[in-house]
Every structure is written in structure tokens, then in C-alpha cells.
Amino acid sequence: MDENFDQVRRLLALKRYEVAPPGFFENFSSKVVARIAAAEALPASGWWHKLGFDFNFKPALVCALGVVVCGLLSAGVLTSVVGTPNQPVTGLALELPLNSGDAPPFGQLMTAEAVPSSTDPVFAATRFDQFSVRAQPVSFRFNK
Amino acid sequence: MTHALKALAEPEVVHAPEQASTPTPLLSEDLEWVRRAKLGDTTAYEDLVRKYQERIYATVYHMTANHEDANDLAQETFIKAYTALKSFKGDSSFYTWVYRIAVNKTINFLKQRKNKLHLSLNDLDLNAENDPDMVALVSDRTPRRDIALTELQEKLNAAMLKLSAVHRLVVTLHDVQGLSHEEIGKIMDCNVGTVRSRLFYARQQLQAYLSDYLK
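In the order they appear, the protein sequences are chains A and B. The working numbering numbers the first residue of the first sequence as 1 and each following residue consecutively. The working numbering numbers the first residue of the second sequence as 1001 and each following residue consecutively.
Some hints here could point you the wrong way.
[Claimed, not checked] Simulated crosslink set (DSSO-like; lysine-lysine; CA at most 30 Å straight-line): (1) B:Lys1038 - A:Lys31; (2) A:Lys58 - B:Lys1089; (3) A:Lys58 - B:Lys1155; (4) A:Lys58 - B:Lys1051; (5) B:Lys1114 - A:Lys31; (6) B:Lys1114 - B:Lys1162; (7) A:Lys58 - B:Lys1038; (8) B:Lys1086 - A:Lys31; (9) B:Lys1114 - A:Lys58; (10) A:Lys58 - B:Lys1105.
Since the hints were derived computationally from the structure, they do not count as laboratory data.
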């Protein structure tokens, strides 16, 4: 192993011969100065730049528009799901007697006219309690 | 017959460009130009740019191995330096200060690009074929004697890109541009020992990557 890295250093010297295209540096400094002059000619930046909030507003506006559109869509979907306000609640909750002694037998329960239809709305009609399913305590009596 | 082989037939001793031994900048001249540039004299700043443009471009170019990127970054370096000129107190030389801006810009650029770098190499100066060191690289002392200098240039740049940014920088500043360890320490804001150890590691890595092309 070459501990002095003579070969590597000799090889690296090859990079000194990699030169920019002819004439490249002739206009380089004038281009830099022209860009500086162009930057100085731009109107003064807004107050947000002075406060350090140097960002592009365009993506922010697009993002805000997206949020508004999503909000409107969500509101439309929720309104259509909720239905007519103040509609009486008819759901899975059966009108069963609270007293366990008066409860009808299980078989009778299954054939009762009070069994809800699958098309009955499950949720409450108001906007604020739409996700709370109402339930009442039930008890079953089994005949021996 | 390749140019390299032609060079073997007609050896004409040419040494590597003076880029290797960076001339000591005239600090008083720089300070005067900086003073005038701070007052808005763009002609004075253009003089500063003209003085350091080749060295800054070369540093960035050897780091990126891409002419277009080096052009953009070198221009941005001088623009940034102009806008930050008010903060330049003269604690270090303008030359060290502008180098530091170039190095930071280039390292940030390389971090953003990560592995998306692609080579866009400048042509080799024709004098390369007359340099005895370069001739030796493609002569019968090299295991790959059929290799041309341009191919060697590509392999070397590809190997350089395998190094981390700081290791590539140390090799560029020392072995390509000829800066001293002390100067590199000032530019990279680290001590000379760190520069030496980074240089050792970088050369070791390059030696391993390029073993097929070394004696």
C-alpha cells in the first residue's frame, strides 16, 4: 500500500487540466454584476420578508383553496346524511317494558310488530346527537 | 493513435497549471476593493470577482463534476458575497471569506441533490498529454496501458463523487488546488489535524476505488 499516496496524488493532478470552455470567464464577472443590478432593481420586499417569513404565497393560496373545497364537500355530505331536522327518532331501540316481569317471551319478541324495518333510520335526526344510538335496557325470560 | 500515445512519442515537458500553487492574494488590494464595493461601487466588486472567479469556479466544479452546476453556484456565491459584504469585518481575508461562502453553498447543493449528481466534465487541456506525470499514467507502467486520459478522467471523477462532501472538498482544495492545510482549516472552520486526517482518509478511499488504474 502506497502510504504517501503518490500515485493517487499524481492522478488527482489530472483534474487541474479540466478547464472551463474557452471564453467562459470573459463575461463571468459582468454576468454576476448584471444579476446583482437586476436584484437591486426589484421593488422592495414586503413586510413579511422583513420579519423573516420569506416564502412563496402561491402554494399557500392553492392549499387554502383546497381546504375550502374539501370543507364545502364535507358540509354537503353531512347535510345530506343528517336529513330533515326534528324528525322523530325511530330506531333499533324497541319500546319494551322496563319491568322484567312484564317482558314478553323471546319468541314473541322476534315476531312482534314493533320489530324495526331495515330501512328505518338508525341515527338521530338532529345534527348534534347523530352519532349516539339510543338504547334501552331489555330483559329476557326463558320458559322452561 | 490516441493523443496520449502521441505524447509518448514526442515527450515535451509541461507541468500542471499554476492552479496547483495558489498565489497569495494581495490583501491590501482586496481590502480597497471591498471598501469601495461596500459603498456601492460595482466596478470594484467586478474586479474582485475577476480576481477569484477561476478559483471559486474550479473548487465548485471539482466538487460537483458538472460545469453547469459549477457556473450557477459560482455566480450565486459572488452574488451572496455582495449582499453579505456589509457583514464582512475583515477578520479573515476576502479570499477565505468568499471561499467559505462557495463551500457552504456547494455542500448544501450536494445535500439537496444527494445521489442525483451527473457528470458534465470539462475537456482536458491539450497540455495534459505533454505532462510527464500524465504520460506516466497511461504508459506501460500502468496496468491498464490501453486507457486514454479522458477515460481516466471519468473514472477519477466518478471515484471522487463516491467520497463524502467534506472529504472531496479537502482533496480538491489540497491535492487539486494546492491550498495549505492551514488555509483549508480556515475555510472549513476546523483545525489542521482534522484537515490532515480527512485528507488521509479521502486519499485512502480514492486509492481503493482506483486500484485498477494505479501501479
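Status of the hints after comparison with the structure:
With a CA separation close to 19 Å, the supplied pair B:Lys1038 and A:Lys31 stays within the 30 Å bound. Annotation: proposed proximity of A:Lys58 to B:Lys1089 is violated, straight-line Cα distance about 38 Å (limit 30 Å). Distance check on the hinted pair: A:Lys58 and B:Lys1155 sit about 44 Å apart at the alpha-carbon level, beyond 30 Å; violated. For the hint linking A:Lys58 to B:Lys1051, the alpha-carbon distance of about 40 Å lies beyond 30 Å, and the restraint is violated.
A C-alpha spacing of about 29 Å is found between B:Lys1114 and A:Lys31, which places the hinted pair at or below 30 Å, so the restraint holds. At most 30 Å may separate the alpha-carbon atoms for a hinted pair to count; B:Lys1114 and B:Lys1162 meet this at roughly 11 Å. For the given pair, A:Lys58 sits about 35 Å from B:Lys1038 by alpha-carbon distance, which is inconsistent with the 30 Å threshold. With a CA separation close to 22 Å, the supplied pair B:Lys1086 and A:Lys31 stays within the 30 Å bound.
Taking the CA atoms of B:Lys1114 and A:Lys58, the gap is near 27 Å; set against the 30 Å cutoff, the hint holds. Of the supplied pair hints, the one linking A:Lys58 and B:Lys1105 holds, its CA atoms being roughly 26 Å apart against a limit of 30 Å.
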